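Chemist: Sequence:
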Amino acid sequence: MAEVARSSRRFRVGERVELKVSAIAHGGESIARFDGWVFFVRYAIPGEQIIAEITEVGKSFHRADAVEIITPSPDRITARCQYFHPGGCGGCDFQHITLNRQRELKSEVITEQFKRLAKIDLTIPVIPVTDVGHGDNPGFHYRTRLSLHINKDGRAGFHKARSHEVLPINECVVVAESLHLKDVLAKSYLGVSQVQIPDQMRTEQIVIRGKSYLFQVSRESFWQGHIKAAEVLGEAALEILQPERGERALDLYGGVGLFGKLLADHGAQVEIIESSESAVRDGIANLKEFPNARYHHGDVAKKIGEIKSADIVLLDPPRSGAEFEVLRKIAALAPRAICYISCDPASLARDSARLAELGYEIASASAYDLFPQTAHIECVFSFRRVIS
7 MAEVARSSRR FRVGERVELK VSAIAHGGES IARFDGWVFF VRYAIPGEQI IAEITEVGKS
67 FHRADAVEII TPSPDRITAR CQYFHPGGCG GCDFQHITLN RQRELKSEVI TEQFKRLAKI
127 DLTIPVIPVT DVGHGDNPGF HYRTRLSLHI NKDGRAGFHK ARSHEVLPIN ECVVVAESLH
187 LKDVLAKSYL GVSQVQIPDQ MRTEQIVIRG KSYLFQVSRE SFWQGHIKAA EVLGEAALEI
247 LQPERGERAL DLYGGVGLFG KLLADHGAQV EIIESSESAV RDGIANLKEF PNARYHHGDV
307 AKKIGEIKSA DIVLLDPPRS GAEFEVLRKI AALAPRAICY ISCDPASLAR DSARLAELGY
367 EIASASAYDL FPQTAHIECV FSFRRVIS
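Residues 7 to 394, numbered by my numbering, are exactly what the sequence shown covers, in order.
No lab work stands behind these hints, which were simulated from the structure alone.
There could be a bad hint or two in this list.
No more than 30 Å apart at the CA atoms, straight line, and that leaves these computed lysine-lysine pairs for DSSO-like [as the list claims (entries may be wrong)]:
(1) K125 with K65
(2) K308 with K294
(3) K309 with K294
(4) K65 with K26
(5) K193 with K234
(6) K234 with K188
(7) K314 with K335
(8) K166 with K26
(9) K121 with K65
(10) K234 with K294
(11) K193 with K166
(12) K65 with K166
(13) K294 with K335
(14) K26 with K125
(15) K309 with K335
(16) K335 with K121
(17) K335 with K308
(18) K294 with K217
(19) K188 with K166
(20) K188 with K158
(21) K125 with K335
No experiment lies behind these values; they were computed from the predicted model shown.
Between the sequences and the hints, there should be enough to build the whole structure, so can you do that?
Modeler: This is the structure in structure tokens:
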């Protein structure tokens, strides 16, 4: 496709333009092109003809909000949240889109990221996570942890879209009802800038393959945000790694021991590396009945050098992905299987290409819709060693 010459026209913030939306972008915005310029548009759906109001003028692209829909998509619905609109809350991206179409768009993002960043042709469906929601309204009331920002008047809320300005709220339709959010929002928080919910240590329970597991999680420690995420990801990891008694397992970015505990319970000798001090404290408590599991506190890229062998490796890195040195040392250990859990398809695509260079190819790929109404995607990939 020939590139259209960019016009010298000067656009202004607040100006309205008519756009044809063509595709979805990584991050949840839709893409439109006009006069040779690229626009990233919120509140639109690929295929729609819209009127958009420009919110940001850049050197190589502009940002805008859809304020009028000329030709609506058949997948357009009315958002449930009173704060989901231009100038409103930035927590959700897709409340105006049916759940099925949300998942299709997320699948398209994965395909595009792997083609562009890894030169890999990959198409996988995004799997819905069931047993969450209420009656005819699935995809809501699933989130069990969140950070609230506090404005100058002491009121809690979320940042506005593309802004650091705090929008006070009275409700959030994606937050689990067990958090009693309305009671939390009714309080005044003068003197603080942020509030974590839950705000104290709690016990999380999951059931995998008919067995119950308990986890201590401090306020400062990470735990999956979706009410079913730990169970879904734990089951997926076990299915990929198939741990055998006595095997040496390496759990990187191991957190409070979710995956380490499952691997240890299946008889593996588990080495867990985690940089967060609070997560390590929680993890040691969570695995106290497993002498076959050991924590290493420190930077993963440095601590992995202490590991001399591994039959299976699991890594669940932050959004930025794994450092190249970590991937290089994983490959040097020559594990029979690698399970990579990722919350960002861009860093996963980059790391998949790096693993290919190091002798590991994708063996299986799955994606889960653990964050309905948002652009976030959770992927679980397995890699196997290529025998040359």
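Chemist: Are the hints correct? Go through all of them and say.
Modeler: Each hint tested on the structure:
{"no.": "1", "hint": "K125 with K65", "result": "holds, 28 Å"}
{"no.": "2", "hint": "K308 with K294", "result": "holds, 25 Å"}
{"no.": "3", "hint": "K309 with K294", "result": "holds, 21 Å"}
{"no.": "4", "hint": "K65 with K26", "result": "holds, 21 Å"}
{"no.": "5", "hint": "K193 with K234", "result": "holds, 29 Å"}
{"no.": "6", "hint": "K234 with K188", "result": "holds, 22 Å"}
{"no.": "7", "hint": "K314 with K335", "result": "holds, 10 Å"}
{"no.": "8", "hint": "K166 with K26", "result": "holds, 25 Å"}
{"no.": "9", "hint": "K121 with K65", "result": "holds, 26 Å"}
{"no.": "10", "hint": "K234 with K294", "result": "holds, 24 Å"}
{"no.": "11", "hint": "K193 with K166", "result": "holds, 20 Å"}
{"no.": "12", "hint": "K65 with K166", "result": "holds, 23 Å"}
{"no.": "13", "hint": "K294 with K335", "result": "holds, 28 Å"}
{"no.": "14", "hint": "K26 with K125", "result": "holds, 28 Å"}
{"no.": "15", "hint": "K309 with K335", "result": "holds, 11 Å"}
{"no.": "16", "hint": "K335 with K121", "result": "holds, 26 Å"}
{"no.": "17", "hint": "K335 with K308", "result": "holds, 10 Å"}
{"no.": "18", "hint": "K294 with K217", "result": "holds, 18 Å"}
{"no.": "19", "hint": "K188 with K166", "result": "holds, 19 Å"}
{"no.": "20", "hint": "K188 with K158", "result": "holds, 20 Å"}
{"no.": "21", "hint": "K125 with K335", "result": "holds, 23 Å"}
Checked against the numbered hints given earlier, the structure satisfies every one of them.
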